[in-house]
Amino acid sequence: MHGKTPFVRLTKRENMPKGKVWMIRFGSFIFALLIGMVIFAVIGAKPLSAYGSIIQGALGRRTGIRQVVRDAIPLLGTALALAPCFKMRYWNIGGEGQITMGAVAATFFAVHFKNMPAVALLLIMAVAGIVLGSVWALIPAIFKSRWGTNETLFTLMMNYIAIGIAAWLVGGPWEGKPGSQIMPVFTSNAILPKVMGVNCGWIVVLVLTVLVFVYMRYTKHGYEVHVLGESENTARYAGMNVPKIIKRTAALSGAICGLVGFMVVSGSDGTLYSDVAGGAGFTAITVCWLAQLNPFAMIVIALMLSVLSKGASTLQSAMGIPASITDILTGIILLSMLGCEFFINYKMHFRKSAEKEAA
Amino acid sequence: MDKVHAVELKGVTKSFGSNMANKNIDLFVDKGEIMALLGENGSGKTTLMNILAGIYLPDEGRVFVDGKEVTIRSPKDAFDNRIGMIHQHFKLVDVFTAAENVVLGLEGTGRLDLKAASSKVREISRKYGFDIDPDKKVYEMSVSEKQTVEIIKVLYRGADILILDEPTAVLTPQEIEKLFAVMRAMRRDGKSIIIITHKLNEVMAVSDVVAVLRKGEHIGTVRTSETSPQALTEMMVGRKVELNIGRKDPVDPKPRLTIAGLTVRDSEGVKKLDDVGFIAFGGEILGIAGIAGSGQKELLEAVAGLRKIESGSIIYTPEGKAPAELVGKTPMEIKDAGVALAFVPEDRLGMGLVGGMGMTGNMLLRSWHKGKGIFVDRKAPEKLAADVMERLEVVTPGIYYPVRKLSGGNVQKVLVGREIASSPSVLMSAYAVRGLDINTSYTIYNLMCQQKEKGVAVIFVGEDLDVLLELCDRILVLCGGKVSGVVDARNVTKEQLGLLMTSVGGKEEN
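Chain order of the listed sequences is A and B.
Just so you know, we're using my numbering here: the first sequence kicks off at 1 and counts up by one.
Just so you know, we're using my numbering here: the second sequence kicks off at 1 and counts up by one.
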């Protein structure tokens, strides 16, 4: 028998109204939460009260909210750092290492210049973080632009070197009590002041959000990055200096990561740990893509992921559910948000029964 | 009951989003017949053929092979119905031999018998007059040999209905003649052939019937012997068109670019240009002909400062200014001096345009670095975009609509329009009409002529020799990176050009 049209056919669609696009995105978020409920049910927890305790734990009390904001700072900051790189299709997954090196540089001054006045010391620490972070990001970019090495692997490997350096410093030259393998807390002049209960890093990242937005949208650099991301040949034909743009953008990205590293040691941790980045360099990739490289959307996403992870610890203590369950939840949200782009770009046609007569 | 056709389409409709590529098409081809499928760009020719080849599934309509209704869901289904398509871009494995490519993807039983495959390939070659060595590797082959392998691949699978999508676009005149001879041999053998082409003289030369599509609709099918190129054009475009390039004699030509001893190597150290020298005059169109990959791209890029030059000089003499050496200048300096380059690559976008941006963003590519401060100026390009849109009649919903979504002709208008708008004194264009329909092509030719009449030195790299002969004043022929000859376009034949393209100086090789 012929006439076997496939059950589903796909056709590309264009120009879906903006409102509908956001409806689909929102719908897929709800869908992800529903799947999450199934998972909660499977492990034997009441789904609604599980979500309740996540919200309650993260946003129920003032200290919870403060922690959420504190944790969102590195996420947002790093996502902002990665955005220009990703726009350029330069896959910088070395945020982790660039944060770590920024933190190391800032810590160096916190350790060796204990007697400086707070403002001067904090400024020097910030600049040191920015410089070393950008140097760290520049190394793979130089190799990429000169010899065409793969930046994905290179930036990833640089992460482990950075973490190794930090671990050695913390357990060696900068070790506190011998054998403790940890550093003492910074002196108070090396700690970022608090504004409304959270270190002032939140103001810094909000300002950065606006700056990155303007940089990407309205400046010559932003235009170059956009063109290069679309086509290297076009960039060359337009007379752009491609290696220079790659190096500059990577360095900028590393600089912001380095600044984030400084804010983590000086703001939230008060000292240097070897895992100072704490996965922010990787989670920020998620933030960046969920926000579709839009800096303002990154604020929302960073806060959301931060709520989830804060809520997770409450979940563990209140309901005895492993905190890692929220990692699964985050994964599902990411997957369904990225997956829904398929429905935005394609239209599905199901086999109609009317087609039988044609057979 | 009607006569049974080799293949017949009834009421075939296919749409992509809101765009109807094929509207209710009825079409048939008989055994032992060559049909030319003619139509402007975006008229739905390739879509229709892809439906037969199993790449697309029609939204509505029926397909009959030998009078029996069939559903073609995949290229394999197409082969099962003895339909084979030779695509414009070859799908061959470079490191395999011809015979290996031919049997690739066939489900055989037991072990692979390459010897048998080779001898069958030889047999097919003898039968239809192909000239191919089954044990030659693909990477050692010329474009025309690769095409032969594609055709044999389809015949090997037992196809009786062959579809060729613009097969002559990449061939020299001599190779085209050979292809046509093969097509006639296949016709004698009872095969049905559908050939998609833009070139009317080829339609007249090889086909038995011509089917014309316009905007997705089948306008009509006529016997080739009962029609003329003029009549076909009118069917295609829907109104009378003047197929004339108003070539005027150059007025007071002065040397604009004087190139001598230009040698360029690629990143692997292979010589791409070898001691190239010529003069391009203001007020004339210098055509550049050559087999694909003979150094055309490298030559233009070298002049534009985009390639490292090993040796040689490029002296640029703008109107009323002192001569200047371009070698060693940056692309930006060369551009600002008045040398414009409009290169249309195979994907149409990759060089010179940004697909994801609108017309404004693409106009900005020329001026983004201008002005002080860190911000880009979008006002001027906005005005320019609106201007180009109006003057060249670019069909787009707006100047912010991504150019990737525009049709090929409009994309090229944006590119050429931008370069012309910079009022260059040297305008280099490569493949400016690549894949464009007749009507839009003539718009572009006329733009080139206007530039020439303004005193611009126009350098036109093209594939279609007929056009080069009609449009240009002189033609420079490249062969393997060397200048094979510079000829007067008014006193040369296509065959002479073909010879120059295949051997330096046009001497027969043995």
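Please keep in mind that the hints were generated in silico from the structure rather than gathered at the bench.
Backbone N, C-alpha and C fix where the C-beta goes; we use that ideal spot for every residue, glycine too.
It cannot be assumed that every hint is accurate.
Okay, derived cross-link-like pairs now, DSS-like style, lysine-lysine, Cα gap no bigger than 27 Å in a straight line [claimed, not checked]:
{"#": "1", "chain 1": "B", "residue 1": "K23", "chain 2": "A", "residue 2": "K144"}
{"#": "2", "chain 1": "A", "residue 1": "K87", "chain 2": "B", "residue 2": "K370"}
{"#": "3", "chain 1": "A", "residue 1": "K247", "chain 2": "B", "residue 2": "K372"}
{"#": "4", "chain 1": "A", "residue 1": "K18", "chain 2": "B", "residue 2": "K240"}
{"#": "5", "chain 1": "B", "residue 1": "K199", "chain 2": "A", "residue 2": "K220"}
{"#": "6", "chain 1": "B", "residue 1": "K370", "chain 2": "A", "residue 2": "K247"}
{"#": "7", "chain 1": "B", "residue 1": "K10", "chain 2": "A", "residue 2": "K144"}
{"#": "8", "chain 1": "A", "residue 1": "K244", "chain 2": "B", "residue 2": "K248"}
{"#": "9", "chain 1": "B", "residue 1": "K297", "chain 2": "A", "residue 2": "K244"}
{"#": "10", "chain 1": "A", "residue 1": "K46", "chain 2": "A", "residue 2": "K144"}
{"#": "11", "chain 1": "B", "residue 1": "K10", "chain 2": "A", "residue 2": "K347"}
{"#": "12", "chain 1": "B", "residue 1": "K199", "chain 2": "B", "residue 2": "K248"}
{"#": "13", "chain 1": "A", "residue 1": "K144", "chain 2": "B", "residue 2": "K329"}
{"#": "14", "chain 1": "A", "residue 1": "K87", "chain 2": "B", "residue 2": "K372"}
{"#": "15", "chain 1": "A", "residue 1": "K220", "chain 2": "B", "residue 2": "K383"}
{"#": "16", "chain 1": "A", "residue 1": "K244", "chain 2": "B", "residue 2": "K372"}
{"#": "17", "chain 1": "A", "residue 1": "K347", "chain 2": "B", "residue 2": "K23"}
{"#": "18", "chain 1": "B", "residue 1": "K379", "chain 2": "A", "residue 2": "K87"}
{"#": "19", "chain 1": "A", "residue 1": "K18", "chain 2": "B", "residue 2": "K68"}
{"#": "20", "chain 1": "A", "residue 1": "K247", "chain 2": "B", "residue 2": "K329"}
With beta-carbon atoms standing in for the labels, derived distance ranges [unchecked claim]:
{"#": "21", "chain 1": "A", "residue 1": "R89", "chain 2": "B", "residue 2": "I55", "range": "54 to 64 Å"}
{"#": "22", "chain 1": "B", "residue 1": "A116", "chain 2": "A", "residue 2": "L10", "range": "37 to 47 Å"}
{"#": "23", "chain 1": "A", "residue 1": "R217", "chain 2": "B", "residue 2": "D133", "range": "54 to 64 Å"}
{"#": "24", "chain 1": "A", "residue 1": "K46", "chain 2": "B", "residue 2": "L106", "range": "36 to 46 Å"}
{"#": "25", "chain 1": "B", "residue 1": "Q450", "chain 2": "A", "residue 2": "R217", "range": "57 to 67 Å"}
{"#": "26", "chain 1": "A", "residue 1": "R89", "chain 2": "B", "residue 2": "G190", "range": "24 to 34 Å"}
{"#": "27", "chain 1": "B", "residue 1": "Y401", "chain 2": "A", "residue 2": "L10", "range": "20 to 30 Å"}
{"#": "28", "chain 1": "B", "residue 1": "I315", "chain 2": "A", "residue 2": "L206", "range": "48 to 58 Å"}
{"#": "29", "chain 1": "A", "residue 1": "I142", "chain 2": "B", "residue 2": "R404", "range": "37 to 47 Å"}
{"#": "30", "chain 1": "B", "residue 1": "A260", "chain 2": "A", "residue 2": "I142", "range": "30 to 40 Å"}
{"#": "31", "chain 1": "A", "residue 1": "P17", "chain 2": "B", "residue 2": "F16", "range": "15 to 25 Å"}
{"#": "32", "chain 1": "B", "residue 1": "Q450", "chain 2": "A", "residue 2": "V300", "range": "36 to 46 Å"}
{"#": "33", "chain 1": "A", "residue 1": "L10", "chain 2": "B", "residue 2": "G105", "range": "49 to 59 Å"}
{"#": "34", "chain 1": "B", "residue 1": "S267", "chain 2": "A", "residue 2": "G176", "range": "32 to 42 Å"}
Legend entry - Pairwise hint evaluation, K372 of chain B against K244 of chain A, where the allowed Cα distance is 27 Å at most: holds, 19 Å
Legend entry - 27 Å Cα cutoff - pair K347 of chain A, K23 of chain B: holds, 20 Å
Inset, instruction - Please test the hint of 36 to 46 Å on the beta carbon pair from K46 of chain A and L106 of chain B. - result: Given a distance of about 59 Å, which is not inside 36 to 46 Å, the answer is violated.
Inset, instruction - Starting from the range 57 to 67 Å, see whether the pair Q450 of chain B and R217 of chain A falls in it by beta-carbon distance. - result: violated, 37 Å
Inset, instruction - Return holds or violated for the Cβ distance of S267 of chain B and G176 of chain A against the range 32 to 42 Å. - result: Once the Cβ atoms are compared, 54 Å apart, the range 32 to 42 Å for G176 of chain A and S267 of chain B is violated.
Inset, instruction - For R89 of chain A and I55 of chain B, compare the CB-CB distance with the range 54 to 64 Å and indicate the outcome. - result: Since R89 of chain A and I55 of chain B have Cβ atoms about 29 Å apart, the given range 54 to 64 Å is violated.
Inset, instruction - Given the hint that K199 of chain B pairs with K220 of chain A, test it: the Cα-Cα distance must not exceed 27 Å. - result: violated, 44 Å
Legend entry - Distance restraint evaluation - R217 of chain A, D133 of chain B, Cβ atoms, bounds 54 to 64 Å: holds, 58 Å
Inset, instruction - Decide if the proposed pair is consistent with the structure: K247 of chain A and K329 of chain B, CA atoms, cutoff 27 Å inclusive. - result: holds, 23 Å
Inset, instruction - For the range 37 to 47 Å, tell me whether the beta carbons of I142 of chain A and R404 of chain B fit it or not. - result: Since the Cβ atoms of I142 of chain A and R404 of chain B sit about 32 Å apart, the hinted range of 37 to 47 Å is violated.
Legend entry - Whether the CB-CB distance between A260 of chain B and I142 of chain A falls inside 30 to 40 Å: This hint holds: roughly 37 Å between Cβ atoms.
Inset, instruction - Sort out whether K329 of chain B lies within 27 Å of K144 of chain A, counting only the CA atoms. - result: Holds - the C-alpha atoms of K329 of chain B and K144 of chain A are around 25 Å apart, at most 27 Å.
The structure fails to meet hints 1, 4, 5, 7, 8, 10, 19, 21, 24, 25, 26, 29, 32, 33 and 34 from the earlier list, while all remaining hints are met.
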